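We have chain A; now place chain B onto it with these hints.
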Amino acid sequence: MILPEKGDPVIVQGITGKYGSLHAGLMKQYGTNVAAGVTPGKAGETVVGVKVYDGVADAVRATGARSSVIFVPAPRFLAAAEEALNAGIKLVVAITEHVPIRDELQVVELARSLGATVIGPNTPGVILPSKLLKLGIMPVTSFRPGRIALFSRSGTLMYEIAHQLSTSGFGQAIALGIGGDPINGSTMVEWFEWARARDDVSAVVAVGEIGGDSEERLAQYITETRFPKPVFAYVAGRAAPREKRMGHAGAIIYGNYGTAESKIAAFRSAGVKVAMTPTEIPALLSANLRK
Amino acid sequence: MRLFEYQGKDLLRRYGVPTPVSVTVRGPEEVDAALEKVGLPVVIKSQVLAGGRGKAGGVVVAKTMEEAREAASRIMELRIGGEKPSALLLEKATPHGEEMYLSVTLDRGKRCFVVIGGRLGGVDVESMQGKVIEPVPIGGLGRPLAEPMAAEMGLTGEQGEQLVSIAMDLERLSREEECELVEVNPLAMAEDGTLVALDSKVILDDNALFRHPEFSQLPPEDPLEGEASKEGFAFVRLEGDLAVVGNGAGLVLSTLDLVTDAGGRPACFLDLGGGSQRERVEAALRVVKRLPNARNVLVNIFGGITRASDVAEGLKNVVGEGGMQPVFARLSGAEEERARAILEGTPVKLYETAQEAVRAAVSAA
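Protein chains in written order, with our numbering: chain A, 15 to 305; chain B, 1359 to 1723.
The following block holds chain B by itself, in its conformation from the complex:
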């Protein structure tokens, strides 16, 4: 789960990382009260998860109350990557010089967390030159590892000491809150020489949420995605018009590729998961039914433990309820024959191979 900047900054503050004074507002009417606390000039930042927020006009510096009110009203209505902000962050502007980079992230290849630091912040970490990478032992990042890191980044004296302490705080945050990524980009050197976190990107480990009930209360990014995860299947909304449903993440990914290669555009990725029961199949199809951009549905099942007949029963029931988009299905594997018999007389069209089903579904769109 990805946190909004303001949620990430709340965490940073709680762990002792310096951030500018800021207030989160839910609408333009809260701006005046917020400005009293934050002061001018103020940076007004759209709280969306989409990237490219600055370029899209979602981050504005205001010098007067009028400018701030006007910018807040405008940004609140501005869609970025299709996403409308649910809040704005009003933050005291921090005049600063150098921008640096600091993050704690999972290194999948090395199979450990690493702290990454760099003197050239504001850019993408992949393309960042001269970054310093420090593997973190399971027990955490101690001073003996953080100090050489600061030195390698060329930070000495008071600033070196600040970096050591921020790196250790970030790592403790990452470990205790079980984050996949905690990133501060930029970590800015303010005019008085102190280091301040100007942005935050925090991604929580979804699988660890059961140990962090405070986060599992947060509303899901997408209501249908939230419903899906409650029902025990994986759902990702996409922009096309053909809903793609299957069992197993790899199989559904591969089906998206087949659809795209055939000139189709997937409306969603829906993985029923292994050993799917009829109830779960029905819940999944009802989510697809409510997906406004889905005009057709492709179901690709390779049944092993998942019985094709269970999927067929679920399909028949949901189609029977009415309102279902046209369904193109390939149900192979265990109890394939029974699945065929169950679906006889329903509008569901069955195909022998995934390729045939994909071709038919794409040409129907």
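With the rest of the complex left out, here is chain A:
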């Protein structure tokens, strides 16, 4: 888990697209050093004041960047991520939605073999409010500097919950979207492991949803490793029907696999405080933490 520090160069793949250029500009505005952009065939152009290169290797050579935020459309995601990883990028933030499962699996495997970290795909990215650093698309107004680590499978719920935390005096050291797909480049457990060792994090909030078993795995990790910091959680989808994909590719219950009930029960048995609505989270923190 290698996150950039303030001022570290970051590149944006797909920077000449509508979405890529909008968010490259917003990231810069917040304080991220967007040092270069990449779009094949567009070398020499400048977008939001950022120089564009044909390939990631060129951009890395020119800037020394070790992080890349990817905005390319799903059919081109695999090639873009492979190009980044093979050019020495150690942190890929994959904003791209609708990536095929088998492409995600290939990227996970390549990243693992190269010791790189992938956030997403289908993620709003990561924001470090105390460093004024964001690699992603989240609206910065929801976030305030502080000591909470917020990890979420959903984007808008992350914004909403961050907003609630911020207005109640609980700022965030980090807020990160795991991604809404069945396969995540990095998992809840891996990010908890990161948060465990951080002196600037005093509590963790996990936002889960129906589908898969990442919450159950997280609960098991918390119990087995005696996770030393207070953990709070919210799980969306108690009212969701079975066998229906609810917006996110990963948000689907098969039989009894992936229900909110199972996740909430797992969290509770691991000693995690579970909120029943997003607005309950700040009160739950207030009752259990000093600000």
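Source of the hints: derived by calculation from the structure; they are not laboratory data. Heads up, some of the hints might be wrong.
Unchecked claim - Cut-off 20 Å, straight-line C-alpha distance, at most; resulting in silico cross-link-like pairs (DMTMM-like, lysine to aspartate or glutamate): (1) A:258 - B:1484; (2) B:1468 - A:227; (3) A:258 - B:1702; (4) A:258 - B:1637; (5) A:258 - B:1441; (6) B:1588 - A:111; (7) A:258 - B:1585; (8) A:258 - B:1465; (9) B:1588 - B:1619; (10) B:1647 - B:1583; (11) A:32 - B:1637; (12) A:32 - B:1589.
To be verified - Quick partial rundown of chain B residues pointing at chain A, CB under 7 Å, derived from the structure: (13) 1536; (14) 1563; (15) 1568; (16) 1571; (17) 1581; (18) 1584; (19) 1588; (20) 1592; (21) 1607; (22) 1612; (23) 1614; (24) 1627.
Just so it is clear, the structure is predicted and the values come from calculations on it, not from any experiment. C-beta: ideal position from N, C-alpha, C; glycine also.
Leaving out everything else, chain B in the frame of chain A:
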């Protein structure tokens, strides 16, 4: 996308997995011709995606032509889980002994595909005892992995060899057609000792359909859901009377929970997606307008990149076209003030918090 049994079996056959002789018919008038090819006794199977098909009377064995005609007419009209079949599968009955289980599925925790085999088919895989699970490398399931699997399942000799070959065929199908799940349950041991796939459940990876144009031609399970995916938003039809619209899958899921907790019943899940433009908001609201069971509409927007004012413009336009159900909305975030001004004088009711909007919408129902 989930395939019907007959579509799944066509795929199984194409990849060399043994299946009984069968013919798909679209109506009772095609039954006689189909029986000539299939023979008697025949199993007549309703082609619906809903579960519990056998218990609901959607699978019938017929011994004579008359029985077959009568059963076909009846099943064609039988709704299962609210779903009427678009076709029937007429399949040669396969007298068999043991029923086994075999599937290739995504293991989300391990982040790889796995082959799952078991000797006790016919039951739910979760509750299945003594199942064997083999992770599949990205390159595919080779013989060196399939053989120990058959042995672990206690299948030796000719049957072990058959299982190895079926497992490898299923895995190749799953990989080449990019399926999330390929399941054969039951995989039956016919009286002559051969293994035969008696049912099929195939779920395609929707995100990979652009590489498989033959599947993207298939009609969507629900016409409104198909229209929604073309317009770029996610829509799931539900059974209640309050349409739930929002931006972001997690936020809409959470809004469904709030509605249900307040005693309401959602009529749909509609996620506008991130960075919603006015046009998409309008297309989405027009889908809601045509949803017959929706008597009221709840809109919950947490605007960040999505501007509340864009949503408000879209709302105003669609409400202005007439025929829109009463709308209860919470529009927070970027350009909230402008959104308020835009909606002034329209029948759209605005609330400060999601809870307030939910309460009002539920009590209106």
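Which of the listed hints are broken here?
3, 4, 9, 16, 17, 18 and 19
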